[in-house]
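Given these sequences and hints, build the entire structure.
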Amino acid sequence: MNQNSVIVSLANALERTGLEKVCVVSDVLYKKGIADYLGVDLFHTTRGRTIAFGVGLKLGNPKLKIIVLMGDLVTIGGNHFMHAARRNIDLTVICINNFIYKLKNAPSVNSVFPLYICPEQPFNIPHLAKSCGAVYVARWTALHKAELTNSIAEALQKQGFSVIEAISPGEGNFAGVDGVASDAREKLLKFYYDNSEIKDTEPTENLAIDSDKKIIVGKFVDWERPTFIDLYNNQLRHTLGNKFVPYE
Amino acid sequence: MKANPKDVFSGTYYIDGDVACAYGAAAAGCKFLAGYPITPSTEAAEAFAKLAPQIGAMFIQMEDELGSIVAVLGASWAGKKSMTITSGPGFSLMMEGIGFGAALETPFVIINIQRGGPSTGVPTRTGQADMMQARWGSHGDYEIIALSPDSPQESFEFTIKAFNLAERYRVPVMLMSDECVGHMTEKVVIPSASEIEVEPRRFYHGPKDQYLPFKPDRDLVPPMVKAGEGYRLHLTGLVHDENGYPLLDCDIDEVNQKSTTRRLVDKIRANADKIIEIKEDSLDDAEVVVVSYGITSRVALKGIEQAREYGIKVGSLRLVTVWPFPEKRITELAHKIKGFVVPEINYGQIVFEVERCSHGKANVVLVPHGGAGVHNPDDIFEAIKQVAKNKEKYEGVVEYRTSLERLIFG
Amino acid sequence: MSTEMSKEERHPIESWLRMDRIPHIWCPGCGIGTTLTAVIAALEKIEANPDEVCVVSGIGCTGRAAGYLKFDSFHTTHGRAIPFATGIKLANPKLKVMVISGDGDLVAIGGNHFVHAARRNIDLTVICVNNFIYAMTGGQVAPTTPLTAYSTTSPYGNFEPPANIPRLAEAAGAVYVARWTALHVRRLTKSIVEAIQKPGFSVVEVISPCAQYYSRINRLGDGLDMMKFYHQNSLIKHMEPTENLDIQYQEQIIVGKFVDRERVPFTELQKEGCN
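Protein chains in written order, with this note's numbering: chain A, 2 to 249; chain B, 2 to 411; chain C, 13 to 287.
Keep in mind that the hints were calculated from the coordinates and are not lab data.
Think of the CB as a built atom: it goes at the ideal place given N, C-alpha and C, for glycine as much as any other residue.
Check each hint, because a few of them may be wrong.
[Stated by the list, open to error] Here's a subset of chain B near chain A, in silico, CB distances under 10 Å, partners left out:
id : residue
1  : A35
2  : A53
3  : A58
4  : E64
5  : I70
6  : V73
7  : G75
8  : S83
9  : G98
10 : L105
11 : T237
12 : L239
13 : K259
Structural data, given as structure tokens:
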């Protein structure tokens, strides 16, 4: 019930879209055999540098389809996230968010999650992605498996910088003193069921995750914009005229 | 194999060292440059940005050096020859990426146009104080190759050589130029494509399911593949075995027998004789040998000339490859001569390698320099005289001090 | 005749400047000097205690600002002005900490630090001087360079969509965001006064001419021509939604105060979290 559900959704989406030449870049460690299971080339980079590595792979061979699995969200890799979104490099970024957030009134959850008070506001990733220029932004929890698979399939077929935030705290993060409760998985699913709401039309400013409100999920942004390589080719064609040779 | 004529801009040019590096990279077949502007290396990125559409290459100015080095690794694994260009502060930022590239055995080139340091230092003037950092900068065990040109013509040629070495040994290669050479404008002759040797990437052509990314075949170097060809690569910076999979148990036997870290170091050490290149002059009967690299070797020529006129038998040993260091040659010479003189634009870096390899058999005198300029050849001449005169052996590295310093400080 | 100047003959802001380093290195026609004067005028207006003001700047033309101001000023490494300032503020919350740096330093290499400091709402005042280019290193393209503009590393015209600094600051959580040009000196001073007095992360962007690189490479004239352009083409529109604030090449620039909201500053959050 943590990133494995994301891998399963990813595998289903890849099968559905039938894409070839797919590479996955991740800073989360996966068991061996994932590359074969998904049918991809898997690169495990240093923390936070997944998007920069993906940019290099994509610009090195524009025919590749690159999927980035970010475990570090936008802490170390924040700069690369912002600038790759601005440039609209054709990447599909799945942010695996297993945060620890400020809980105030959640009695049904206390038995599973201890009270961690984090003094800082977590990032509102959909709002940041939209403001930087991402062309597709969605958020789902581990409960919404089918919707997550749909979103990943849509994002893979889209040209440009797509961001999908997958909220999936693992029960291991929230073990109590005696270890993880045996019915933790059911409690987690119930927690998502009670506390999330699908609202596609919500403006991204209101999507901050806070203990006072429900987690809003859905597909928030879906528009078209020329990608980095399209912009590059267009500008050069405009300037060089006859001497222009498109990149790849 | 010969260079692609479309990549080579043959002719006679009057350009500076930075721009010559860009032309050299183009001639070597580099198709990707990710960089970040930093004085004094910006001219190289600007020249490559202009060339890029004409040779089918991609130039991207990343948001910082951390992104630049990792994007270079990505492009290398996508199949393109790639490089980045930076200077001192950017070099420090790239260290994590260099270690990562060395662990993954990714071939790429970094051009470091050294400047005065430390920290922000003297951006517009020369220095040679990154030489040890090139070798030991990132954490952990790995080996790299470093070259040091002394003119724009050599900047052009050594960039091609750097790409060839990177592809042959699947290792990061650093071109340790400096601001003086980078901003020096001189005649550069770019020959026709048929006269330039370019090493192609060695790809694997066997059955797909039997491919092991880190299993060496020739010279302890494994053949490479590209991403997206159906090999189902799994690459990680964690300590890994021949398959590329990380060693999850990491007990002592597993790490020492299965990990590839030993081979990362061995492949350069075992092939050191093929990699090392030095330029020697009049070493047969020399009493004193001047060991130098980069721009300092040109300055030392004058000092050596003065010393020869004075009557001292001086030889010169110029390091083309600074790393791996020519240990055997230094040890061999140490038995025959009175001493080494090592001028460097820093307060002592390569001199300690010379001292280590001489095993106490010859004296070693350092002629340091604070940077922001080059040596005064008279200082090198005086140091040579000092070594030639001295009959006794002294311990350790002795710093040459100018007569003014000796007057003031005693 | 005495060669020492009497009090009336000195320039009024001299006591805030390191006069032994004047004349400064900035080019004729540059807007950074004007910005510094506005900062000093703002500090004078609020009667700040110069012993309690810290100025931190990064690398670049604007980064040299710390070297001319007579406070505890720090000229840090490239892009790391904001973390340095965060450290100062958290170690001694009584100090007024200002970050004066350029667009490349704050939004390119320092972009991550910018966004995280805004998210945490650290009490800093950030003055970002935006001249659309990397001037100190010789005129390379910056993340804020408008589309189709020329620079030394975009020799065929820039094709990357530029960053919109007010939008980025707002999305990350800044409490006060304003933009003025180097021409609007009085309004800029007023904005800086408001930004300093507001607790939390405040950003004031100053659009400045770069006579030596941006306007020369793009044949736009010199500093004075750029100021005339700002005079004719800037439009004051307070509280305009930040997604409309993109700057196109040689088109209208919208200036004003765009964000002025309340959020709990970091120091309060920390105390609450520790309890």
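Okay, the hints, checked on the actual structure:
no.	hint	in the structure
1	A35	7 Å, holds
2	A53	9 Å, holds
3	A58	8 Å, holds
4	E64	4 Å, holds
5	I70	8 Å, holds
6	V73	6 Å, holds
7	G75	2 Å, holds
8	S83	7 Å, holds
9	G98	7 Å, holds
10	L105	8 Å, holds
11	T237	3 Å, holds
12	L239	7 Å, holds
13	K259	13 Å, violated
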